[in-house]
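Peer 1: Given next are the chains, with one letter for each unit.
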Amino acid sequence: MKYVDEFRDARTIRRLADEIAGLVDPGRTYRIMEICGGHTHSIFRFGLSQLLPDNIDLIHGPGCPVCVLPMGRMDVGLAMAEQDGLIFTAFGDMMRVPGSTGSPLESKARGADIRMVYSPLDALKIAQENPERPVMFFAIGFETTAPSTAVTIMRAKAAGVGNFFVFCNHILVNPAIRALLDMDDMRLDAFIGPGHVSTVIGCEPYRFIAEDYGRPIVVSGFEPVDIMQSIAMILRQMKDGTAKVENQYSRALPWEGNPAARAALDLVFETRDSFEWRGLGRIPHSAYAIREEFAEFDAEKQIGVHGQTFPDPVEAQCGDVLKGAIKPRDCRLFGNACTPETPVGALMVSSEGACAAQYKYADVTIGSTD
Amino acid sequence: MPPTTFNDSRISMQHGAGGRAARRLVESVFTPAFSNESLDRLGDAAILDARGTRLALTTDTFVVSPHTFPGGCIGSLAVHGTINDLAVSGAEPLALSAGFVLEAGLDIDHLREQVDAMADAARAAGVPIATGDTKVVENGKCDGLYINTTGLGIVRDDADLAEDRVRPGDAVLVSGPIGDHGITVMIARGEIDIEADLVSDSRSVLPLTRALIDALGGDVRWMRDATRGGVATVLNELTDAAPVGVLLEEQAIPVRDTVRGACELLGLDPLHVANEGQFVAVVAPEKADDALRALAETPGGREARVIGSITADHPGRVVGRTPFGAKRVIDILVGDPLPRIC
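In order, the protein sequence lines correspond to chains A and B.
This note's numbering applies: residue 1 is where the first sequence begins, and numbers increase by one.
This note's numbering applies: residue 1 is where the second sequence begins, and numbers increase by one.
Calculated from the structure, these hints are not laboratory results.
Any given hint might turn out to be false.
What the hints assert, rightly or not - The calculated DSSO-like cross-link candidates involving lysine-lysine, where the alpha carbons are at most 30 Å apart (straight line), are:
no.	chain 1	residue 1	chain 2	residue 2
1	A	Lys125	A	Lys239
2	A	Lys125	B	Lys135
3	A	Lys157	A	Lys360
4	B	Lys135	A	Lys108
5	A	Lys125	A	Lys244
6	A	Lys108	B	Lys287
7	A	Lys239	A	Lys327
8	A	Lys327	A	Lys360
9	A	Lys301	A	Lys108
To be verified - Calculated from the model, a selection of chain A residues having no Cβ within reach of chain B, i.e. all distances over 10 Å:
no.	residue
10	Asn55
11	Pro65
12	Glu106
13	Met116
14	Ile140
15	Thr145
16	Ala158
17	Asp184
18	Pro224
19	Ser250
20	Ala264
21	Glu276
22	Ile326
23	Glu341
In this text, a Cβ means the ideal position worked out from N, Cα and C, and glycines have one as well.
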């Protein structure tokens, strides 16, 4: 299949693995964070860490929006879902994410009208087809999915739809990276940058990572060849003693990103003063809210919620895992109180979370890689 | 498989998805209550001893929506699904029963269409629908039409299929490309807005299982119908039931480009997508070529492939090996495969 097979080519990948092996200094450890959950998924799906030397540690970052959503936000969303007549819409990703009283799927089983959509435009269509009922879209995601929410809100305004509301949980990638870099005990050496987010924001905003913190970042595609090549590019920078922003994903990603998408974001959203991230705490300027001009579509303003929300459990050490200070299995809850079916911490919630992946794969020795 | 505890307070959709949640429901509510020798094996069909004759008995209920999709409909599915459960148990079907739950208000022509499809499917497979039942429920109580079919068959004397016959080194094969049915139904439901030249694989696999046992007899060790939960789920059920592991060669697994593309788009794994006309078989390693030849000579069997082998290396685990040598664990999903968007 075109655009897939050539990026999974065994010979190219083996060549890159050899190149990586030749670039590492055996006397040190390399802690490389892939920020994006999509990369985490590819790394596990294709077993890429097995192709790397032992002293390269891939640290799985906070780039899965489902994982870092605080439980309290899910509680608010589900409290909205339980209002009479309301249709709750969300991506499939959200359907099994637990709030303190259960997941959207469990709410649905109790009778709430919960529908899975593939795009916010589908949710708007449901609103137009059900004019007598309020329809809420549980918006989630980084700068990747935020533009489609923005455009949907613009269309809703243009069409004068009065029963469509967005519960905005869009978050921003760079404030989270900065928060990680500012943590005491931060041990990350370099970053694999998020390809999809960058198609919107471009590569320029990552400059502070290289210039202020001296860490290389290579924005990467999602296929095995992309990720292996990005790791080689990072190691080459480290070997040369440089730190800069590089774009491995140039086939899909222009350096400047997508100015039209950013214009839509600017029109519809403003940055919140701060936002709670599961596992990382409150991070300044790290999320979008809907601007006053579009307040009629803002579920937080238009749908009163009297549900009770619960804070996230403090025992989970998600923050320590994210900054590379501990491995998932070293967390005191890992595998006991916190499992994929009963997640406590952020990173166990989605299959793209570092702990869920580790839980699924780490208790098995699957032999050598040949 | 460790004993399961059932903490779920209500039934949710994921209990019907054929994954871990469904299994938890069965093992914690049904099997403890009904426990007996043939049920506890949890095979596709129960094998009963009728004074020296091995009978295969199976039942299945069909609630698919929409009722009609490219390549099939709920009626044809209800016949094929039950025949297939008998077929992969090494049985020759004797007869089916059909039970209908009809919603008041259902269009009679629509019902007639589904019943005709059932009759055609049964006739083509040479299996009579010998008895039936009809119930009507109030408008709004069911999705137009639900169908239950039960199948009775006689297990062939030369068939000897069981988890405990599977040995390290055995070949694992699949009867054709996987995921066609699941993706076709997603498209027909309007869940994915793509146009694709794809039809469900809904069919009777009886001619194929028959050809396989004709050619290999007892060297066919185990077969399973890869319906809900897909190939990954049935292989995990095998490694739960027998002290072996499965190693799949990922590039050998037949998947049509359309299905691969849809799965890439939605973040799904074709190994978890439902099939309605494909089965997985484990055969003696030296008979793998004979098996493929027997299938290829049977209509609908030319796309069968060996996709991996049974191994002693990682008992209890299904592992996939990529063309570049890395491995990953292939697990059972908790519930339905959910698309990943954000």
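Peer 1: Please go over all the hints and tell whether each is borne out by the structure.
Peer 2: Each hint tested on the structure:
Between lysine 125 of chain A and lysine 239 of chain A the CA atoms are separated by roughly 53 Å; this puts the pair beyond 30 Å, and the hint is violated. Note on lysine 125 of chain A and lysine 135 of chain B: the hinted pairing is violated, with a Cα-Cα distance of about 36 Å set against a maximum of 30 Å. Of the pairs offered as hints, the one joining lysine 157 of chain A and lysine 360 of chain A is violated, with about 45 Å between alpha carbons and a cut-off of 30 Å exceeded. Proximity of lysine 135 of chain B to lysine 108 of chain A is assessed by CA-CA distance (about 27 Å); at most 30 Å being required, the pair is judged to hold.
Proximity of lysine 125 of chain A to lysine 244 of chain A is assessed by CA-CA distance (about 44 Å); at most 30 Å being required, the pair is judged violated. Restraint check: the Cα-Cα separation between lysine 108 of chain A and lysine 287 of chain B comes to about 49 Å, which exceeds 30 Å; the hinted pair is violated. Simply put, lysine 239 of chain A and lysine 327 of chain A have alpha-carbon atoms about 26 Å apart, close enough for the 30 Å limit, and the pair holds. Using a Cα cut-off of 30 Å, the hinted pair lysine 327 of chain A and lysine 360 of chain A holds, with the two alpha carbons roughly 14 Å apart.
The suggested pairing of lysine 301 of chain A with lysine 108 of chain A holds, with an alpha-carbon distance near 24 Å, which does not exceed 30 Å. The Cβ of asparagine 55 of chain A sits about 18 Å from the closest Cβ of chain B, beyond the 10 Å cut-off, so the non-interface label holds. Listed as outside the interface, proline 65 of chain A is inconsistent with that label: its C-beta sits roughly 5 Å from the nearest C-beta of chain B, within the 10 Å cut-off. Distance check for glutamate 106 of chain A against chain B: the nearest CB is about 6 Å away, which does not clear 10 Å, and the non-interface claim fails.
Under the 10 Å C-beta cut-off, the non-interface status given to methionine 116 of chain A relative to chain B is violated; the minimum distance is some 7 Å. Interface exclusion of isoleucine 140 of chain A from chain B breaks down, the closest Cβ pair being 5 Å apart, not more than 10 Å. Threonine 145 of chain A, annotated as away from the interface, has a beta carbon of chain B within 10 Å; the closest lies near 5 Å. No beta-carbon of chain B comes within 10 Å of the beta-carbon of alanine 158 of chain A; the shortest separation is about 21 Å.
Consistency note on aspartate 184 of chain A: stated as away from chain B, and its beta-carbon is indeed over 10 Å from all of that chain's, at 30 Å minimum. Non-interface status of proline 224 of chain A relative to chain B is broken: a Cβ of that chain comes within 10 Å, the nearest being about 7 Å off. For serine 250 of chain A, the shortest C-beta to C-beta distance to chain B comes to about 20 Å, beyond the 10 Å cut-off, and the non-interface label holds. The Cβ of alanine 264 of chain A lies farther than 10 Å from every Cβ of chain B, with a closest approach of about 17 Å, so its non-interface assignment holds.
With a least beta-carbon separation of about 18 Å from chain B, glutamate 276 of chain A lies farther than 10 Å from that chain, consistent with its non-interface assignment. Listed as outside the interface, isoleucine 326 of chain A is consistent with that label: its C-beta sits roughly 23 Å from the nearest C-beta of chain B, beyond the 10 Å cut-off. A cut-off of 10 Å between C-beta atoms contradicts the statement that glutamate 341 of chain A is not in contact with chain B; the least separation is 6 Å.
Hint compliance for this structure: hints 1, 2, 3, 5, 6, 11, 12, 13, 14, 15, 18 and 23 are not met, and every other hint is.
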